[in-house]
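Engineer: Sequence:
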Amino acid sequence: ADGASKRWQLRPEMFPFTKEASSEPGSRAIAEQLRCCARFYPHRADTGGFFVALFRKPALAGVPPSMAPAAPAGLGDTGAPANGRAHPLLMARWRRVKAEDTAWQEICTFFGLDETWTLAQLRSGLLFWQLLGGEVARVSLVSQGVARMVDATPSDRKPLPWVRLGVFLFEQLPRNFLQGAAATRWQVAAEGAALVAPLVGRRRLQIGAGSLAKLLRAPHRQVLLEELPGVLVGTTVHETMSDGRHVCGGVLVSATDGAGQPVELPGALTPQMLRLLIDNREAEALAEACGEALGCKGRAGGGALAAASPGCWRGCAECIGGLLQRRKRAPA
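Quick note on the numbering used here: the sequence shown kicks off at 1 and runs consecutively.
Please note that a few of the clues may not be correct.
Here are the simulated distance ranges between beta carbons [said to hold, decoys possible]:
1. 280 - 179: 19 to 27 Å
2. 180 - 233: 26 to 34 Å
3. 219 - 145: 39 to 47 Å
4. 230 - 32: 52 to 60 Å
5. 148 - 44: 37 to 45 Å
6. 230 - 125: 21 to 29 Å
7. 201 - 177: 18 to 26 Å
8. 56 - 109: 40 to 48 Å
Treat the hints as calculated values from the structure; they're not laboratory data.
Given the structure is predicted, the values throughout are model-derived calculations rather than measurements.
Built from N, CA and C at the ideal position, the CB exists for glycine as well.
Using the sequences and the hints, build the whole thing.
Structural biologist: Written out as structure tokens, the structure reads:
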């Protein structure tokens, strides 16, 4: 036990901005360098704890540029080698989105993206395709700083293998879901829903806290449209159907919080249902946190929580707004 406590002991040098550490020689220079570092705490991001630092390598020490190793053959787009075996984290490849890309035009038309915004991002080179197995899987948005890093040529002329770029805005619908029924295979990505919300002119639904509670406790987080009265009223999901039926596929669901502010979630319309496209952990955490606040027990998608009394779920609907607002403001 004593050995373990010494091994995991917190030491002053781990926290260079404390009063004690700042008095050490060279602490000011260290603190200045740490501006390029970030520490991610597990309790703030629901992850493991880790530390990230940005290093700059100005040149190959002691090696003339003429002797620097050449870029390996077979590297197509930014990312993993086109041939040969690669690490699983490096299987994704990245390519800039172009205005003439068919998939991008499909996304813009289906979701009615703001044209001024899309043109600005394309000119700045901030939109990237993530390719998996040679097929476009997601669209990501990067900062201007990341875009410059992608364009930079390393001093050793070895292309950087990018594991992840930016935040995902759109992605493919789950495999085998709405095959042959959806007008397009694209949906809003959960992590980019708040960024996309001001830009989407079509495929938006507004639901109240009560409807959100019903969706969270339903199996697979999907509910018959007839059980959500008025959810399609005033929306743009009927635009291309001559018989007035809604168009199946991805939607952006705005859930109203207690302060009247929308929190954006990805969803999809099937011929008869509305489904939230969030994972089990996210849905269960939201429902369980709400249930604990009201003295309810169980899990989303069935079980004791789904069988809770109507009064309990009315209270659940009222507190969901606050929980969603905290989720929206939580640091990434």
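Engineer: All hints are to be evaluated individually against the structure, with a verdict given for each.
Structural biologist: Going through the hints against the structure:
1. 280 - 179: 19 to 27 Å: 22 Å Cβ-Cβ, so the 19 to 27 Å window holds.
2. 180 - 233: 26 to 34 Å: Since residue 180 and residue 233 have Cβ atoms about 27 Å apart, the given range 26 to 34 Å holds.
3. 219 - 145: 39 to 47 Å: For residue 219 and residue 145 the Cβ distance comes to about 43 Å; the hint holds.
4. 230 - 32: 52 to 60 Å: Since residue 230 and residue 32 have Cβ atoms about 57 Å apart, the given range 52 to 60 Å holds.
5. 148 - 44: 37 to 45 Å: 28 Å Cβ-Cβ, so the 37 to 45 Å window is violated.
6. 230 - 125: 21 to 29 Å: violated (42 Å)
7. 201 - 177: 18 to 26 Å: holds (24 Å)
8. 56 - 109: 40 to 48 Å: Holds, since residue 56 and residue 109 (Cβ atoms, about 42 Å apart) stay within the stated range.
In this structure, the earlier hints numbered 5, 6 are contradicted, and the remaining ones agree with it.
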